[in-house]
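Trainee: Chains A and B, in that order, give the protein sequences.
Everything in the first sequence is counted per numbering that gives the first Met the number 0, starting at 0 for the first residue and increasing by one.
Everything in the second sequence is counted per numbering that gives the first Met the number 0, starting at 0 for the first residue and increasing by one.
Nothing false has been slipped in among the hints.
Simulated pairs of lysine-lysine, DSS-like, Cα-Cα distance not exceeding 25 Å:
1) A:Lys138 x B:Lys134
2) B:Lys135 x A:Lys9
3) B:Lys135 x B:Lys51
The hints are simulated quantities; they were obtained by calculation from the structure and are not laboratory data.
For clarity, every value in this text was computed on a predicted model and none was experimentally measured.
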Amino acid sequence: MLKIGEQDEKIVVIVGDISHGLLKDFRKNYPERYFNIGICEPATVNIAAGLSRVGLIPIVHTIAPFLIERSFEQIKLDFGYQELPGNFISVGSSFDYSKLGCSHHSYADVSLMAHLPNSQIFLPGSGLEFEIFFRESYKTNHINYFKLTENPHGVEIHEKDIKVGKAITIREGSDLTILTTGSELRNCYDAAEVLDRNGIDSEIIYLPTFKPFDSAAVRKSISKTKKFITVEELSAQDGLFNAVLRSIIGLGGVVGKQMAIFDFLRIYGSYSDLQEVAGLSRDHIVQNSKALLREEV
Amino acid sequence: MEQTIFPKINSDLRLRIVEMICKSGEGHIPSSFSIVDIIEHIYSFELNVNPKNPTWVGRDYFILSKGHGAAALFVVLEKHGFISSSDIAAYGTKFGILGGHPDSTKVPGVEASTGSLGHGMPMAVGIALGLKIQKKNNRVFCLVGDGECQEGTIWEAANIGSNQALQNLTVIVDWNGSAQQLMPLENLEAKWQAFGWNTLVIDGHDPLSLQKAFKETSINSTGMPQVLIAKTVKGRGVSFLEGHGLWHHKIPNSTELEEIHRVLSE
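Modelling step: build the complete structure from the supplied sequences, incorporating the hints.
Mentor: In structure tokens form, the structure reads like this:
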């Protein structure tokens with residue numbers, strides 16, 4: 000943010016009393032373009048639209064449910080309906096605040112943002128992915144949403160493979176396609192290794208850009224394997240699984256399985272505890288993959 | 000029918016509102032009547048704008064946060080050359096750019112798409128803040144409804160406006176008593192003052208009161224934003240349209256339209 004802020008004086012950062020440490024350098028160097036508005040997210044988003052109206056580039060940042068779900072009417076009308084560009088960067092992902100309860104979770108934010116015709120949506124699972132996506136997108140004529148995680152996947156991906164709108168083939172395989180986004184890549188990667196030891200050759204397609212969705216890459220992989228699992232920390236009602244289904248319309252002889260969030264995760268604990276309860280752990284992926292392969296086409 | 004005696008200003012604009020709304024069968028006549036004098040004053044005397052170049056960067060901004068009063072804005076925009084009589088004739092139709100609420104992506108001179116209450120004013124705060132960041136002298140005016148002042152985002156934005164010392168921002172409250180029907184608040188002025196705004200209570204239909212109030216706002220050097228709480232009458236101009244209730248969204252029948260014509264043409 001500091002580097003881009005240095006180069007682009009149109010950037011204005013607005014935060015909801017959060018990430019003070021992370022953004023302290025930007026605040027110190029560009030105090031006239033940094034605003035800690037406080038705890039009033041709908042008005043904060045609305046005001047950002049006003050900034051966009053006069054040609055500035057707003058970057059609005061706070062916790063995902065408050066930024067997107069609480070303020071969605073403002074995003075929908077003041078950005079979407081008015082066709083104004085802007086950037087929304089959330090923290091907390093879907094349930095990173097694992098000890099705070101469901102008020103701080105957000106499973107449907109990606110679905111909401113996807114409804115806006117002019118939106119782009121990123122679930123970067125690493126700092127490098129975020130940096131590349133942000134640099135390429137922040138001043139385009141889009142409503143950009145970056146759903147950040149505090150649990151990076153740690154899987155090595157080469158910089159040249161990280162492109163806006165492009166899926167990344169993490170692992171090639173022939174028996175099964177595992178599709179995922181964001182931090183769940185870690186569990187998918189680990190699950191693939193277990194499956195490999197069990198003689199199952201899985202292909203991993205990683206989609207850190209949710210929108211625009213790389214339907215071609217998804218269709219190509221599933222055409223080959225005919226079996227797929229989607230693994231996502233998003234609402235089961237509308238997320239990665241639905242996007243994959245849209246990509247394979249008309250493709251015959253395919254079986255698939257959805258691993259997503261079906262209900263509020265009502266426990267407290269660590270991030271991995273909640274992944275376990277959500278049925279999104281490495282072992283869940285292994286079990287579901289094996290079960291899928293036992294199904295007859 | 001009994002007539003209201005009042006300074007007969009803007010009868011032409013009121014007639015235009017009624018004709019436009021009756022032709023399409025859609026619109027809020029009383030809500031538009033309560034604000035048309037204010038909007039006409041702003042466009043005639045306060046705004047530095049260029050109808051031939053509505054997006055000129057040096058322009059002042061007017062935002063109608065009370066979006067259902069759009070008919071008032073449209074007839075003023077027509078009068079000042081932003082839109083044409085054909086646009087007015089096509090109001091509410093698939094052939095036109097004008098509808099029940101203003102759309103900034105369609106209508107020259109409209110700065111914010113409103114309709115959902117509580118959105119226009121925060122947008123105005125954002126525009127004022129953006130102009131301040133850019134060190135520009137453009138001014139920002141925003142008209143809100145008194146009922147709209149029940150929305151939480153109005154007060155979130157009011158808090159931000161004073162905290163950011165947006166001296167370039169003037170809000171006008173159309174205080175026509177709508178709020179009193181639901182959640183009475185006797186002292187709206189005190190509420191705005193509590194949020195750090197300079198306040199002035201004025202007569203929203205009296206040209207002299209408007210002139211004096213806006214002159215004060217133009218020389219505001221307090222460093223704080225200001226609000227004009229304009230006492231108005233919903234439906235002002237035709238006595239049987241005045242007040243609250245039935246006429247909020249009603250379209251006159253032919254007899255009523257004839258009477259409205261007669262009153263406004265005198």
